[in-house]
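K.L.:
Below, each chain spelled out in residue letters.
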Amino acid sequence: SAVISQKPSRDICQRGTSLTIQCQVDSQVTMMFWYRQQPGQSLTLIATANQGSEATYESGFVIDKFPISRPNLTFSTLTVSNMSPEDSSIYLCSVRTGAVGYTFGSGTRLTVV
Amino acid sequence: GDSVTQMEGPVTLSEEAFLTINCTYTATGYPSLFWYVQYPGEGLQLLLKATKADDKGSNKGFEATYRKETTSFHLEKGSVQVSDSAVYFCALSRGQGGSEKLVFGKGTKLTVNP
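Taken in sequence, the protein lines are chains F and S.
Going letter by letter, the first sequence gives residues 1 to 113 in my numbering.
Going letter by letter, the second sequence gives residues 1 to 114 in my numbering.
Next comes chain S alone, as it looks inside the complex (with noise of 0.2 angstroms):
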């Protein structure tokens, strides 16, 4: 079935420093790929999403790519902020025609110290 393989944390930082949370797939068809962040104490904001092959998903600062050669779609970040603190979920879609649940990685914790 389908799954979500998610680098498992968590992952420490200091402020300004660049960011890599690994992201790999294994899923029938063209899947949707998403990233969820959870502030603490708060429920789940769609971060950003890509729909196909090389699209590039963007949010405040955040981007991931959807590599389908690779079936990665790693999030990064070029200069973090402590409030960026918080856990980061990879997840697929299939969408209209397959599933139309989320599948979710096990999630990243995040902590940018100042």
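The shape of chain F in the complex, shown without the other chains (with noise of 0.2 angstroms):
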């Protein structure tokens, strides 16, 4: 299965300011899949980012606060931007790999103070 590399692994950011998360798989997938867990609670889906188009995002997130990158089939990034406490939570890329399964990244803890 795909090997992902995310990082930051955590950061302690200002309100006001952005914090980019870099994702790199070891393979080319088509589709990569950003994700919040807030916390104490599940995950939810960002948005779905294609190489070549423009993300998908889903109920209730906006590119203006969360834009994405995806530069090329290997390599994706989020930013979180003015950020605010209520931001704060653990982000989460993530591919498919194979036919059935998702393999995700190991998450970046953002603390917003």
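Since no wrong hints were added, every one of them can be taken at face value.
27 angstroms max Cα-Cα, derived BS3-like pairs, lysine-lysine:
| hint | chain 1 | residue 1 | chain 2 | residue 2 |
| --- | --- | --- | --- | --- |
| 1 | S | Lys77 | S | Lys60 |
| 2 | S | Lys106 | F | Lys7 |
| 3 | F | Lys65 | S | Lys106 |
| 4 | S | Lys68 | S | Lys109 |
| 5 | S | Lys52 | S | Lys77 |
| 6 | S | Lys106 | S | Lys56 |
If you're looking for bench data, these hints aren't it; they were derived computationally from the structure.
Two independent chains are provided; combine them into the complex using the hints.
P.N.:
Next up, the structure:
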């Protein structure tokens, strides 16, 4: 299965700033997924990123707040913009591997102060 | 829309006890079903999966059977260990031809005491 390198693993940021999270996959994948896991909660899909097209955002998430880049088939970034304490979460990227199955990055634990 | 309802925890067991975590789903068509595990401070790992009715997924002593008639995918283990302490997530995907995304349950925190 694919191996995902996600960074940073954690960060503490000031409110009003932005953080860019990177995911590098060791193989070419068509779709990459970005999830948010708020404290003590389940995972919620933010958006699906396809190479060469605009990301598709889920209800409640907008491009201005969570811009995504997908410059090639092995890399993607998610930016959390104009952060507030409510953005404190774990952010995870994921790719589909094989006919069925998904692999996740190790996550970015973000704290906004 | 698609949804997953998972037994809420936390669940606390003694070592060697029997574990069941209930999971039911709502989805159109024939989704694939998954259990993911999140150990403290780590990301998600796939524990097991099943892609069609009556399939049984198994891994590390854990099992779950895809029951179409009851729309369920309950996780079981006959004898838990302290190292099984983690949060367990049930999830579904309708895969190719449908939505690719995973839909997760709320997670069940399991603590196993020695």
